[in-house]
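Kindly generate the complete structure, drawing on both the sequences and the hints.
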Amino acid sequence: SLLLVAPPLGLGMFAASTGQIWGSTYQASELSQLIDDCLTWQPSEVVVNIKDASNPTLLQIVQQLESCVLSTHFVAPNVIKSRLDTIIQQTNVSQIDVDAHPAMSQAVGLGADYLSFLHVTNDLSFSEFTILSDSKHLILDQTTLRNLELTSTLAGEYEGSLLSKMNKCRTAMGRRLLRE
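Residues 3 to 182 in the working numbering are what the sequence shown lists, from first letter to last.
Be careful, since some hints might not be right.
[To be verified] The calculated EDC-like cross-link candidates involving lysine to aspartate or glutamate, where the alpha carbons are at most 20 Å apart (straight line), are: (1) K167 with E151; (2) K170 with E182; (3) K170 with E159; (4) K83 with E130; (5) K53 with E68; (6) K83 with D101; (7) K83 with E68.
In case anyone wonders, no lab produced these hints; they're calculated from the structure.
Written out as structure tokens, the structure reads:
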């Protein structure tokens with residue numbers, strides 16, 4: 003889910019099959035970094051708050067994603083907090099100060115509520131919640147990622163990529179986990 007809260011943009015990425023969540027906050031000057039991160043993750047769906055659905059910044063981001071659906075979802079602030087509290091309890095990340103990242107926290111809460119709405123249950127289980135920051139990760143732009151042929155060749159094929167050579171997984175879940 004993506005959420006625009008004045009200048010900072012909040013990002014919450016969910017791998018529903020593995021129960022993993024990643025969150026990050028981007029300032030207005032980091033828009034190109036947010037776009038690169040979204041292109042790296044290649045989400046199948048982007049969920050935004052109804053009031054942000056017509057925001058030109060968010061539309062610019064979504065337009066650059068291939069095969070991506072834009073969905074809107076409304077959730078009350080108290081429900082966002084409740085969803086976030088549940089995630090924190092399930093993933094034992096009480097040491098993370100989510101109050102220091104309000105846009106990211108709201109995006110993660112929005113995404114969790116949307117998943118709960120789709121599955122028609124309040125009992126979604128999450129196994130891991132990670133707040134991403136630039137200091138902990140190597141950031142590669144799309145040109146570098148493409149030229150390294152990590153997940154696909156320059157011709158766009160899976161065979162011949164580094165991932166295809168490393169992938170000895172026997173199950174679809176294992177292959178998805180390796181790709182992440």
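Here is how each hint holds up against the structure:
A C-alpha spacing of about 11 Å is found between K167 and E151, which places the hinted pair at or below 20 Å, so the restraint holds. Of the supplied pair hints, the one linking K170 and E182 holds, its CA atoms being roughly 15 Å apart against a limit of 20 Å. Proximity of K170 to E159 is assessed by CA-CA distance (about 18 Å); at most 20 Å being required, the pair is judged to hold. With a CA separation close to 18 Å, the supplied pair K83 and E130 stays within the 20 Å bound.
At roughly 23 Å between alpha-carbon atoms, K53 and E68 are farther apart than 20 Å, so this suggested pair is violated. For the given pair, K83 sits about 11 Å from D101 by alpha-carbon distance, which is consistent with the 20 Å threshold. Restraint check: the Cα-Cα separation between K83 and E68 comes to about 31 Å, which exceeds 20 Å; the hinted pair is violated.
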